[in-house]
Amino acid sequence: MRIPLEWLAEKFATELDRSAIATALFESGFELESLDWIRPGLETVVTGRILTCESHPNADRLRICSVDVAEARSHGGSSTPKGASAAEADSSLLTIVTAAPNVQAGDIVPVALVGSRLPTGKEIGLGKLRGVESYGMFCSATELGMALEAPGDASRLEAMEVKKAAARGVVLDAAARVRAREDAFEFVLVLPTDTPIGRPIADILELGDCVLEVAITANRGDGLSVTGLARALAAAGLGQLALAGGALGGGSVAGTPLPEVKLNAALEAPDLCPRYTARIVSGLAVGPSPEWMSRRLELAGIRSLNNVIDAMNYVMLDVGQPLHAFDLARIDAATISARRARPLERLTTLDGSVRDLPPDTLVIADARGPLAVAGVMGGLGSSVSAATTSVMVESAYFLPGAIRRSARTLGLNSESSYRFERGVDPEATVEALERACDLLIQVAGGQRLGAAIDVRRQGFPEPLVVPLRPERTDRILGASVSADDQARMLASLGFSEAQAGPDAAASGRSEIYRDARWFTVPGWRRHDVTREIDLIEEIAQRIGYGAILDTLPPLATLPDSRPPVSDRLRELLRGLGFWEVLTNSVVPAASQQSFVSGPDELVKLARPMGDLQVMRASLLPSLLEVARTNLNRGASRALIYDVGRVYVQGESSRTELLQATALAIGAVADGMWKHAPEAYDADFFWAKGVATGVLGALGLVDLEARQEGAVPGLHPGRAASLVLDGLVLVTFGELHPALVEPYDLPTGKRAAVVIFHPDAVAECLARRESRGFVPFSRFPAVERDVAIVLDQGIVAGEVVASARQAGGALLERVRVFDRYAGPQVPAGKVSLALNLRYRAPDRTLTDSEVDPVHAGILDHLCRQHDATLRV
Amino acid sequence: MTLTIADEIRERALAELAGAGSRAELDEWAIRYLGRERGELSRLLKTIPTLAPAERKPFGESINAIKKALEAAQGVRAAEVRSQELGQRLLEDRVDVTLPARGTEPGHEHLVYRARDEMIETFRLLGFDVAEGPELEDEWHNFSALNTPEDHPSRDAQDTFYLQGGGLLRTQTSSVQIRYMEHHQPPIRIVAPGRVYRPDTITPRHYPLFHQIEGLLVDENVTFGDLKGTLSAFARRTFGQSRKVRFRPSFFPFTEPSAEMDVECIFCGGSGCRVCSHSGWIEMGGCGMVDPSVLTNVGIDPERYTGFAFGMGIDRTAMIRYQVPDIRLLWENDLRFLRQF
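Residue numbers (this note's numbering), protein chains in the order written: chain A, 1 to 871; chain B, 1001 to 1341.
Isolated chain A, as found in the complex:
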């Protein structure tokens, strides 16, 4: 919310200390976002430092300056980040040609940027002075709209000159001060050397009107008015309040009564509108607002329209209660009702659009139909126009939920709905009405006609009384504040101590609150203070968060969990040369189609946003995108991985699975340096090396490789999984050639994909945690090599498995060390070279012991696989 400082200051009997406002606001739960000085004409005049100043080659009296205005030039474009890059910083340098005799390199001066229209009326365009383009102008105090005759301006500049001189170690005498002051008006104003650059000159010299921008959280509707903020600041000790509450006109009836105008309202939806007050003001003249009022409204960010509407808005900003003026001639004031919209009702709102009113919408209507969407926007048909002479001023209390619903379903927001949604003071309805009528009569003439009406739901508003156990405050905050001090703090915020809790028994919690003290909540805090804990928060703010002592909670036990296995996978992958990337989990649907068996398996957004359409079923498409980007930008290869979730839509439930997916495209060994292996691309066996290497480093060995037929994204003939204890730990292989083209990858090259399943790996590791030491033999081994020729369809793993099966206790290890197909063996056959290692736990083996076992294995292999020994 924006409020002019002078308006706020008016609420105080004491001088307002501007420098203390920010702290007082944040101690009260508000935040001062900015404090700006607004002076028409100075919007684009900023402070700049003259870096260089050289004489103009074509003119004796001109000089060419290079001026740094920091980020000032990017102020217009909100998309520029605050931490601008070096390139952007360069663009903050301006060339300015000046005739000023008194500036030199190093000076900080006011710079009017191109497009400025100064208070003096002077316009700054892109100029060319004797062949050199100039992008702005240095200003004197006079050009900034200051005046030597204005005592404030003159003394301010004199103080600045004294400070500047003092910084140089010079004390100015009276005559020198006057001269320096006059120079500032005549020549370019040179600012002190510690002036920040790139800032609006109005902020630096405090020119014009000071406006505060205050951030208000959703719970603090009471902060959405000048009075509300003044109240909070006063409670924070900033000054003595002087609210003009007592000076209201009240319900006086003056002038000629016009008895034929009847005012009547009915609450047909008391659950949405429990209080409705209104009054008629007659004989007014619609016209422009007085200057002071329109100026304050504009500074607060509200457009001035006419004196009637402005008066309503002014009082709303002043006290927080939204008000509405209906043209009396265009409504039937005797039949006003606050009710739900009826089926098929519509209303043309002030903004000119015809709106269908959903059934639950709260409207203000007369006998003929809806006049306004209650609390949100008035109807065009009953609005104030130039011809209006009498109005009905409405001040009502609508429930926040009702207004929120209306605003949402109609997609319509206003200053009024904003305030009702956050809760206005239900006890101050009439006060605001009368204040609005006072102001209306002051600025538009006319007089009150008849009595005000104040229609309420039975007993509304019921007093709100909340219990507080002072010792509970200490327990929650870890502070020690006496009960009386707590009561005093609450009193400063408007919470008065009540005699007893009237409905303590009714609430059924009388037991714990038996010794509690009870406080009546002021009307403006009814929306956010309803419970004991809310009072405790108020006390915490009054104590000051900073005054509550920092403590560390005692640590009775240590956390149970270890770092997740995915962290170890990440580290091992990095060790193998993979780079970690960050990929999006909400992706285009098209990218995922080949990774699910049907579109029903994708988790879809109800409302896609551009490329954000479905939750990914695989990380691979995003990794391919990253590879594409980097290869396009000149990278020779991409070794990348990301660990993230994939999402599966089941029939009745959804699952999220963690996957660590790695992709290698390009040469994994570049063969560039001496003794290095020849260059080769990441292929199936390299991928297998990554899979076994990472798992091996985790202690998972003797993994079974299982051929995989159709893994999405992988080459069907070059894909496999590693399995241990029945758990699939990793799936890997070569990238499916069909993906090369869609992602513009280099054709004719292989790429490797490795997908770890961290949950399975973790489970596997957990199962192995209980294992103990297994003794190993200290006796030498006997090794035998053999080559067998067999059908090429038989996979090596099968041969190894049957060798193991036949080998018995002495066979320690079987290893395939060569596979050959070619002219040396018959067509359709392949030669496998095996290395078998035998060892006994308790003795050195002899040939006579090994020979029969070895022969038995070979015999078994030959029969089992229809193989022959290769000699």
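Careful: at least some of the hints might be erroneous.
Stated by the list, open to error - DEER-style ranges, computed between Cβ atoms:
hint, chain 1, residue 1, chain 2, residue 2, range
1, A, R819, B, L1125, 49 to 57 Å
2, A, A705, B, S1277, 54 to 62 Å
3, B, E1182, A, D515, 29 to 37 Å
4, B, S1277, A, P151, 29 to 37 Å
5, A, K164, B, S1277, 21 to 29 Å
6, B, R1246, A, A242, 30 to 38 Å
7, A, K164, B, L1125, 50 to 58 Å
What the hints assert, rightly or not - Computed footprint of chain B on chain A; a stretch qualifies when at least three of its residues, placed anywhere within it, have a C-beta under 8 Å from a C-beta of chain B:
hint, region
8, 213-221
9, 477-490
10, 546-559
Read the hints as simulated data drawn from the structure, not as lab findings.
The structure presented is a predicted model; accordingly, all values stated were derived computationally and were not measured.
A virtual CB, placed ideally from N, CA and C, is assigned to each residue, including glycine.
Take the given structure of chain A and dock chain B to it, following the hints.
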């Protein structure tokens, strides 16, 4: 006479030994003089039977003395030669160390994950366990259980991604608080890092998904002072032990009292700069005492237990800490960006 010959052999052997410059020459020398069969000393010893009996013993002794002397000299010389040869080899092995390395360049960590891991590590030191929860959430865990009213604006379709067939993408990791408390009784001390989603248009400051770390501590006698102490300890370990921290009142539906934590700007030290928008402070995240009704929602007695919760943006922290000007750099994954971390 024969002794003179022996002396002569000794002189010659010593002279030749001094000239032997390699192991091969040394071996040759040894065979020539000390060889068992045809070494010159052995041959001389073979002449003993030809000598007069009285001469035999002193002659044999003197030859043996010479042999010992030569063997000793050989040992010394051999050590010299070995060291010379090693020196020579070391000299020849000398390489140009500025030539490139062989083998694969190791990978790099992504900045966001690194920031997450650093934050987790600090909270582990403070005794926090790590918990996780689903990103595909329901309205109860993401909103209702956290005291967010039915008609609250944050539930609007422009602020929350809803899913076809019901459910939503969580907008905050606070949902993990609820899930954890549903299945655990106090004492509870967890952090929950994770990905959250909000339909923001992509700008240098906003991306529709980002990462948060949520914290929750519930036990008997947990105070607001504990909250301040814990988060201050975190901030100082992350940004420097002398760094100032402040807490200012704020509002969240699920905590009360609520606060915003600010850390003294790490770039200007509080005097005001562009990074901190000239305020001297950088916002770290929201926190507060767990609202009693949240505890009630998950079946924990708020009269017996109290607790605090906090949430911080991980991407944001990383961007501030490493001065990354545009959030899109985090998602673009240009290798030249990644290489820096």
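Here's how the hints hold up against the structure:
no.: 1; hint: R819(A) x L1125(B): 49 to 57 Å; result: holds, 53 Å
no.: 2; hint: A705(A) x S1277(B): 54 to 62 Å; result: holds, 57 Å
no.: 3; hint: E1182(B) x D515(A): 29 to 37 Å; result: holds, 33 Å
no.: 4; hint: S1277(B) x P151(A): 29 to 37 Å; result: holds, 34 Å
no.: 5; hint: K164(A) x S1277(B): 21 to 29 Å; result: holds, 27 Å
no.: 6; hint: R1246(B) x A242(A): 30 to 38 Å; result: holds, 31 Å
no.: 7; hint: K164(A) x L1125(B): 50 to 58 Å; result: holds, 52 Å
no.: 8; hint: 213-221; result: holds (count 4)
no.: 9; hint: 477-490; result: holds (count 3)
no.: 10; hint: 546-559; result: holds (count 12)
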